[in-house]
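Asker: For the protein sequence lines, the chains are A and B, in the order given.
The opening residue of the first sequence carries number 60 in this note's numbering; numbering runs sequentially from there.
The opening residue of the second sequence carries number 12 in this note's numbering; numbering runs sequentially from there.
One or more of the hints may lead you astray.
[Stated by the list, open to error] Once the Cα atoms are required to be at most 35 Å apart in a straight line, the calculated DSBU-like pairs of lysine-lysine come out as:
#, chain 1, residue 1, chain 2, residue 2
1, B, Lys260, A, Lys251
2, B, Lys331, B, Lys459
3, B, Lys332, A, Lys251
Treat the hints as calculated values from the structure; they're not laboratory data.
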Amino acid sequence: MSTQSIEYIISITSQDRIGIVYEISAALAELAGNIADSRQSVMCGYYTMIMRASFPVEVTRQTIEAKLAEVDRKSPTPLNILVNSIDEPLAIMGSPENRYVLTASGADQIGFVARVAGFCVKYQINILDLSTTLSQGEFVMMLEVDLSRCASISEVRTALVDFGRENMLRVVLQHHDIFKAVNEISLPIRPKREH
Amino acid sequence: MRSEDILKTVEMIQKENLDVRAVTMGISLLDCHRADAKQTCQAIIEKINRHAGKLVQTCEQISSEYAVPVVNKRISVTPIAHVGSGFDRDGFIQIARALDEAASLVGIDILGGYSADVANGVTSGDTELINSIPEALSTTQKICSSVNVGSTRAGINMDAVARLGHVIKELSERSADSGGFAAAKFVVFTNQPGDNPFMAGAIHGLDQHEVVINVGVSGPGVIARALERRIANDGAENLGLHDLAEEIKETAFRVTRCGELIGRRVAAELEIPFGVVDLSLAPTPNVGDSVGEIMKILGMDAIGAPGTTAIVAMLNDAVKKGGAFASQSVGGLSGAFIPVCEDRYLADAVRDGSLSLEKLEAMTSVCSVGLDMIAIPGSVDAATISAIIADEMAIGMINGKTTAVRLIPVPGKEAGEFVAFGGLFGESTIAPVRSVGKSGRFIAFGGKIPAPIHSLKN
Numbered sequence: 060m061s062t063q064s065i066e067y068i069i070s071i072t073s074q075d076r077i078g079i080v081y082e083i084s085a086a087l088a089e090l091a092g093n094i095a096d097s098r099q100s101v102m103c104g105y106y107t108m109i110m111r112a113s114f115p116v117e118v119t120r121q122t123i124e125a126k127l128a129e130v131d132r133k134s135p136t137p138l139n140i141l142v143n144s145i146d147e148p149l150a151i152m153g154s155p156e157n158r159y160v161l162t163a164s165g166a167d168q169i170g171f172v173a174r175v176a177g178f179c180v181k182y183q184i185n186i187l188d189l190s191t192t193l194s195q196g197e198f199v200m201m202l203e204v205d206l207s208r209c210a211s212i213s214e215v216r217t218a219l220v221d222f223g224r225e226n227m228l229r230v231v232l233q234h235h236d237i238f239k240a241v242n243e244i245s246l247p248i249r250p251k252r253e254h
Numbered sequence: 012m013r014s015e016d017i018l019k020t021v022e023m024i025q026k027e028n029l030d031v032r033a034v035t036m037g038i039s040l041l042d043c044h045r046a047d048a049k050q051t052c053q054a055i056i057e058k059i060n061r062h063a064g065k066l067v068q069t070c071e072q073i074s075s076e077y078a079v080p081v082v083n084k085r086i087s088v089t090p091i092a093h094v095g096s097g098f099d100r101d102g103f104i105q106i107a108r109a110l111d112e113a114a115s116l117v118g119i120d121i122l123g124g125y126s127a128d129v130a131n132g133v134t135s136g137d138t139e140l141i142n143s144i145p146e147a148l149s150t151t152q153k154i155c156s157s158v159n160v161g162s163t164r165a166g167i168n169m170d171a172v173a174r175l176g177h178v179i180k181e182l183s184e185r186s187a188d189s190g191g192f193a194a195a196k197f198v199v200f201t202n203q204p205g206d207n208p209f210m211a212g213a214i215h216g217l218d219q220h221e222v223v224i225n226v227g228v229s230g231p232g233v234i235a236r237a238l239e240r241r242i243a244n245d246g247a248e249n250l251g252l253h254d255l256a257e258e259i260k261e262t263a264f265r266v267t268r269c270g271e272l273i274g275r276r277v278a279a280e281l282e283i284p285f286g287v288v289d290l291s292l293a294p295t296p297n298v299g300d301s302v303g304e305i306m307k308i309l310g311m312d313a314i315g316a317p318g319t320t321a322i323v324a325m326l327n328d329a330v331k332k333g334g335a336f337a338s339q340s341v342g343g344l345s346g347a348f349i350p351v352c353e354d355r356y357l358a359d360a361v362r363d364g365s366l367s368l369e370k371l372e373a374m375t376s377v378c379s380v381g382l383d384m385i386a387i388p389g390s391v392d393a394a395t396i397s398a399i400i401a402d403e404m405a406i407g408m409i410n411g412k413t414t415a416v417r418l419i420p421v422p423g424k425e426a427g428e429f430v431a432f433g434g435l436f437g438e439s440t441i442a443p444v445r446s447v448g449k450s451g452r453f454i455a456f457g458g459k460i461p462a463p464i465h466s467l468k469n
C-alpha cells in the first residue's frame with residue numbers, strides 16, 4: 060500500500076442475493092483499496108451498503124467506477140453504485156457527552172418522519188443514526204442525535220414537550236450514557252465537564 | 012444500539028418512573044469542634060455550606076442532563092456525639108439548631124447524623140447527646156437522629172436500650188400535636204453502617220472520606236412494573252419463582268447502573284470522591300412505589316400471610332445479586348425496606364390485620380432494615396418499647412446484619428385508630444402490640460448482652 064492515499068465513500072444498492080459483498084470487496088482489493096469502515100442493511104429484500112475506503116493516489120474515481128461497473132455487468136441483479144471522494148476532512152461528529160437518544164412514537168401517519176426531522180433541523184440537532192419500527196401498534200422513531208450545536212438542553216426539552224403535544228406524539232430525549240449504562244456491561248464514566 | 016434495548020430503557024424511565032432516590036453528601040465535622048458550642052456551631056454551618064452549597068444545584072443540573080430525577084438531596088454528618096463531646100445537653104441542642112440552619116441554607120430537606128454509637132459503652136458526649144434528643148428533634152425541622160446500641164462484635168448495650176425506650180416515649184409526647192411525629196426522625200440500630208444514604212439513619216462514619224457522595228437507587232416501583240410485564244407476557248402458569256427472581260435481578264442491575272451513573276457524575280462535578288450505591292428498595296406512600304405491592308405480585312393475597320418471609324428473602328437476595336454486579340462499590344443498607352407508614356400496601360395490611368408486629372420482625376431477619384415506621388399505641392410503656400428494640404437488635408447481632416427500630420408511639424391513640432404524618436412519612440393504622448407490660452423485669456436488668464459466638468453456626 061502506498062503511503063499517499065485518497066478516501067472515498069462508496070454506496071451500493073441492489074436486490075439482495077448471495078455474493079454481493081464478496082464481488083464488491085474483491086474488486087476493490089484488486090485496486091489496492093483498503094476498506095476502513097462499512098455498514099450494511101437489508102430491507103424487504105433490498106440490500107444497501109455504505110463504506111469508506113482508501114486507494115492509492117494513482118487510482119482515480121473513474122478507475123473505481125469502471126471497476127465496479129464491471130461487477131455490475133456480471134451481476135444477475137442490477138447494482139446502483141455511487142462513488143464520491145472525501146475532499147474535505149471528516150466533519151466533527153460531536154462529542155460523546157452531547158450524544159442523546161430521541162424517540163418519538165405515535166399513530167402511523169404521513170409526514171411523521173419529516174416532522175421529527177424538521178424539529179431537529181430547527182434546533183440544530185444532528186442525526187447520527189435513525190431507525191423506525193412498529194411497536195404495539197405505534198410507529199416508533201429512534202434517533203441517535205448530537206446536541207453539540209444546541210444552545211441549551213433545557214430549551215430543547217421545553218420545545219420538545221410542545222412539539223409532542225402539537226403533533227400528538229410521545230417524544231423522549233434521553234442521554235446516550237443512560238442506554239449504555241443500563242444495557243451494557245461497562246459503565247460510561249466521564250470526568251468533570253469543562254464549562 | 013439495538014432498538015429493543017432503546018424501547019425497553021425508555022419504558023423503564025418514562026412509564027416506570029425510574030429515578031435516583033437519594034444523593035446524600037457525607038461530610039466529616041470532626042474538625043469543627045471549638046472551645047465552646049457557639050463557635051462550634053459557626054464552624055459547622057461554615058463547613059456544611061462550603062461543601063454542600065452547590066449540592067442541590069449540581070444534582071438538578073445532572074438530573075436535567077440525563078432526564079432522570081434525583082428525588083432527595085440530603086446530607087449526613089459525623090455522629091454529633093463525637094463533634095460535640097465535652098459540651099452539655101444545651102450545647103448539643105445548639106448544635107442541632109445549627110445543623111437545622113445549615114440544612115435550610117443549602118436547600119436540603121433532611122440532615123442525618125445527630126447520632127452516637129454506644130454499642131460497647133457510653134461516653135459523656137454520648138450521654139449528653141442522648142439526653143438532648145427529645146428536645147433537639149422536637150424543636151428542629153430537618154434533623155434526623157440515630158443511636159447504634161449493638162454490634163456483632165460488641166453485643167448489645169442493654170442500659171442504652173432501656174434508656175432509649177424512654178427517649179422514644181418523650182419524643183412522641185413532645186410532638187403529641189403531630190401524632191408523635193418527632194419519633195419518626197429517630198432510629199435505633201445494631202451494626203449501623205457509616206455510608207448509608209437513606210434517612211433517618213444516615214451518618215457519615217468515622218472511617219469515611221472528608222466529604223463523599225453516596226447514592227440510593229430507585230424505589231420498588233420499577234421492580235413491580237418489570238414483574239407485572241413479565242407475568243403478562245409469559246403467563247403466570249409458565250413462570251417459576253426462579254424466573255421472577257431473574258427478572259428482579261436484571262431490573263436491579265439496570266436501576267443500580269442508573270444510580271451509579273448519576274452519582275458518579277454528581278461527585279465528578281463537585282470534585283469529591285464517590286462512595287457507594289445503596290441498593291435498598293425504599294418505598295414511598297405514592298401509588299406504585301411499594302415493596303408490599305411486589306409481595307402481592309409474587310403471589311401473596313394478604314401481606315403477612317405464610318410465605319411472606321420467603322418472598323422477602325428472595326426479593327432481597329435477587330436485588331443484591333443484580334446490584335452487586337452493576338456497581339463498583341455497593342454499601343449502606345442495601346436491602347428491601349419495609350417501613351409500614353411509608354408503604355401503602357404494608358399500611359393497608361396492618362389495617363386489615365394480616366400484618367402483625369411479629370411477622371414484620373420475622374421479615375426483618377431476611378431483609379433490610381428493621382421494624383420501621385410502625386405506629387403503635389401511645390399507651391405502650393417504655394420498657395416494652397425497649398424490649399421490642401432488644402428483640403430486633405438481637406436479630407442483627409446474631410445474623411451479622413444491620414437491623415433498626417423506628418417506632419412511633421402515637422399519644423392518645425390505640426390500636427386500630429389512624430394516624431397521618433404527611434408527605435413522604437405517610438400514614439397508617441396503629442398496629443397492636445401484644446403482651447404489653449410483660450418485659451419490665453428483663454429490661455430492668457440492664458447491663459449488656461454479650462457478643463455472640465462466631466462459630467457453631469446454626
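Asker: Take the hints in turn and mark each one as holding or not.
Answerer: Right, here's what the structure says about each hint:
This hinted pair checks out: lysine 260 of chain B and lysine 251 of chain A have alpha carbons roughly 31 Å apart, not beyond 35 Å. Simply put, lysine 331 of chain B and lysine 459 of chain B have alpha-carbon atoms about 33 Å apart, close enough for the 35 Å limit, and the pair holds. With a C-alpha separation of about 30 Å, the suggested pair lysine 332 of chain B and lysine 251 of chain A falls inside the 35 Å cut-off, and the hint holds.
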